[in-house]
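Taking the hints into account, I'd like the entire structure generated from these sequences.
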Amino acid sequence: MDSKIVAIVAVAIVAVVAIAAAAVLMGNGDNQAKEKENNQTSTTSDSLLIVYGNANNDYTIDNKDVELIEKIIKDKLEWKETYPFADANYDQKVDEKDVEKTKQIIAAGPNNQIKVFHKQWTGTGYGVADTTYPILAAMSSSNQTDVISYDILGIDNEIKAMSYKYPVHEYYDKYLFGNFFDVMDDEHCVANSGTAVKVEKASEFMTKYGCTAYIYSNSSSILNNTATLEDMGLDTVKVADSVSDIGEYTSSLLLLGWLFDNGTNGTHQKAIKATEWFINYNNDVTNRLAKVWNGEVTQVRGVASSIDGAVNVSGSANTELLLKAGMDCPLATAEGSGTGSSSLKYTSGIDTWLDYIKLDTVIILRGSFTTTGSFIDPNAPGEYISWSWFDKDYDNLPDAFAEQTNGFYSLECYKKGQCLITSTMLPAPLKSAIMANYFYAGTIFEDATTWSTEYCADFFKTFLGWSDDFLQGQRYVLTQEEVCGKVA
Amino acid sequence: MNQNPEHDAVTELQKSYRSYIMKKLIFIGICVLACIAAVGISVTVGARPVSFQDVYSIIFRHLMGTTYTPGSTEWLEDFVIWNIRVSRSVFAVIAGAGLAVAGAVMQGVMKNPLAGPYTTGISSGACFGIAISITLGFTAMNGTMSLPTVILAFVFSLVPMLIMILLAPKENVSPATLILTGVAISYLFNAFTTVLMVTTDEETLADVYEWRLGSFTNITWSCIPVSFGLTAACSIILYLLSNKLNAISMGEKEATSLGININQLRLIMLSLASLMVASIVAYAGILSFIGLVAPHIVRLIIEGDNRFVIPGAAAFGATFLLLCDVGARILSDVDAIPVGVIVSFVGAPLFLYLIIRQSKNMW
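For the protein sequence lines, the chains are Z and A, in the order given.
The first sequence stops at residue 488 when you use our numbering, and every number in between is there.
The second sequence stops at residue 363 when you use our numbering, and every number in between is there.
Since the hints were derived computationally from the structure, they do not count as laboratory data.
Just so it is clear, the structure is predicted and the values come from calculations on it, not from any experiment.
Yeah, the Cβ is synthetic: ideal placement off N, Cα and C, and Gly gets one too.
Among the hints, a few may not be true.
[Said to hold, decoys possible] What follows is a set of in silico ranges between Cβ atoms, one per label pair, in the way DEER data are often shown:
| id | chain 1 | residue 1 | chain 2 | residue 2 | range |
| --- | --- | --- | --- | --- | --- |
| 1 | Z | ASP231 | A | ILE356 | 47 to 53 angstroms |
| 2 | A | ARG307 | Z | ASP231 | 39 to 45 angstroms |
| 3 | A | LEU331 | Z | ASP231 | 23 to 29 angstroms |
| 4 | A | SER57 | Z | LYS345 | 54 to 60 angstroms |
| 5 | A | GLY65 | Z | GLN269 | 45 to 51 angstroms |
| 6 | A | THR69 | Z | GLU454 | 53 to 59 angstroms |
| 7 | Z | GLN92 | A | GLY65 | 31 to 37 angstroms |
| 8 | Z | ILE357 | A | PRO49 | 54 to 60 angstroms |
| 9 | Z | ILE357 | A | TYR187 | 32 to 38 angstroms |
| 10 | A | PRO49 | Z | ASP231 | 19 to 25 angstroms |
| 11 | A | ILE224 | Z | ASN111 | 37 to 43 angstroms |
This is how it looks when you write it as structure tokens:
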């Protein structure tokens, strides 16, 4: 009997190892595909309203879509490849029901909400979801990139509750996120993290505020109980964040702006305006960085660091930003340490692995210690603000800079004064612009800051309504050389 | 005046035996009542403010088939109370009972007081099977469980179980050695799971991580049929075999002389215990200490007769886990603290106490 059991155990162990190896290889295959995608120069997908009923693939649903659907039916046009959103009721065919559905969508409003089908970002691609339209009240994640999008659309009145990990209003920039501080507290907390929005808390807000949706993006943590939330009647709307391809991001903005438009708040028009702004910005950046992509200009090599002692690698949004800024990131395909990590530990004097990688710069992205995303006190133009990083207070800028960059003091680029700090709270495209402007000054840009500063100012004026006085002298990047001088 | 002393002695013995049995039954009865009371409390605890009376009113109306307008306050309250709180409470009973019974059986079969689903590596093996299942895409990202996942969890829980069966009968293997082996196997499977977590995408990682914590956050009625079916069936079979388990506890020679095929019995009982553990771990993740502590506490009170230990452990384990879950929900209304953490906080000191106070009489 013993020998039989030994044989069974041996077979079982072999089977376990074989299945485990298969699972690991399958996982690696997915990751390799993702890595390849990351290394390619980005191509922009189309910006459009990804709602079924938007037959003509523009930014809105109107009578032109009804006419097009009727034409498709009448002339038996091919639609699946060319006009996929003509299938307004998502039943895999285009017929009179889709005409009727589209008319209902056009006529919908706060007093006659209907369900609409739309593409739903899944993190790796698109699925389809149905959502009550228009959304009059919703819950959302408090991820900074998401909240910036809500700022752009002006939906602060519609967001009634948020999920967050810590008292974010103590650490979030009050100028960038202040409109949402009244829902960033325990009373309006729907989850302590994004992994599982708590069903009971969500139901409480559904009753109290009439919330019909939970909005989050692929920057937020994973929502893993969507089925239960949907069964309860809460629509979960996942959108692409601002680190994504500009086409995907603007399509997400259009989707949210359209879903939240109640006929009086103008969110759809704001989304269209934002879409056009980001497309123009992206075209400008792409044109300017063409010299980098075609090799005329040598790429700047850099890495990013988002928290003390950590260098961002594959999977990090900051690494994506560097790549979008036309930089070469030698760690773009490196795996992080620890489960699911997108960073590797590095501290000068303790670790040495980064010392052997040739770098032109380290970009330190820090949040929570600037206002307006800038390092200038808006109430005292020209004066650097004193700020606190969590519970620390800094009396002067060089001390603060030194502390934030101290982990890299042994690197050659640090010794040459080539590190810089920028705010992680800024929208992703602006962060890329800041990086690109600084490092390609003299080759692509006239100087290190003018172009990106103007973009940032235009963004804040356009979408947050900041005045020229408020924006006077704003700085969005602190360079080591100007603050501390060259170290060696 | 003719008294039969022998008859009196027998009568006295019978009375004494009945009293002895009655104490055990009373304890089990108290545990069952405590479990029912705990369920009664559990359904009233949650983030959504619903009064005590309203909770029971909603449950009663639900059982009577009352329907509401979707999206209305009554509809939402009915949804939350019935689909979240009641289902979660029922699952906690099933999980607590199943893990405690599995622990009691493992301790009896291996004659090892430290045996349990976690210390033998069976929970970790099941968790690895779940990680494989998620990585291979058998489980939907929204927490919906599939039968292939339970099957994979069971299959991978068999490896540590078979190793335990192989080692348990060896005379030169001490209880500590056996458990150290189980711990080593547990570490091995945890390492395998970690490798999977490191190589997979972030969405899969989040799912697997949640399971490893041991949480009831995503429990709904869809989790009940498989877990209840397997736990109930296995528990009944194990209870029916409890007499034979008692025989094994007397010694292998004694058991063999009673016509029991010890190896076969070990294989059957441990397989059933592994199946129960796998069906629970598949939905709730690793919940340590229940299988280890609950049977010991029961034995402290009613001694080691498995005919009573098994049902007693089931009732006590169910109550214990349910109260831990209630505690977790009271501490945080956003489920910030998984129930597995609370079980460890409570179970670890209890376990230390048992180690210090362990009485050999219970064996």
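Checked hints:
{"no.": "1", "hint": "Z:ASP231 <-> A:ILE356: 47 to 53 angstroms", "result": "holds, 48 angstroms"}
{"no.": "2", "hint": "A:ARG307 <-> Z:ASP231: 39 to 45 angstroms", "result": "holds, 43 angstroms"}
{"no.": "3", "hint": "A:LEU331 <-> Z:ASP231: 23 to 29 angstroms", "result": "holds, 27 angstroms"}
{"no.": "4", "hint": "A:SER57 <-> Z:LYS345: 54 to 60 angstroms", "result": "holds, 56 angstroms"}
{"no.": "5", "hint": "A:GLY65 <-> Z:GLN269: 45 to 51 angstroms", "result": "holds, 48 angstroms"}
{"no.": "6", "hint": "A:THR69 <-> Z:GLU454: 53 to 59 angstroms", "result": "holds, 54 angstroms"}
{"no.": "7", "hint": "Z:GLN92 <-> A:GLY65: 31 to 37 angstroms", "result": "holds, 36 angstroms"}
{"no.": "8", "hint": "Z:ILE357 <-> A:PRO49: 54 to 60 angstroms", "result": "holds, 56 angstroms"}
{"no.": "9", "hint": "Z:ILE357 <-> A:TYR187: 32 to 38 angstroms", "result": "holds, 34 angstroms"}
{"no.": "10", "hint": "A:PRO49 <-> Z:ASP231: 19 to 25 angstroms", "result": "holds, 21 angstroms"}
{"no.": "11", "hint": "A:ILE224 <-> Z:ASN111: 37 to 43 angstroms", "result": "holds, 40 angstroms"}
The earlier numbered hints are all upheld by this structure, with none contradicted.
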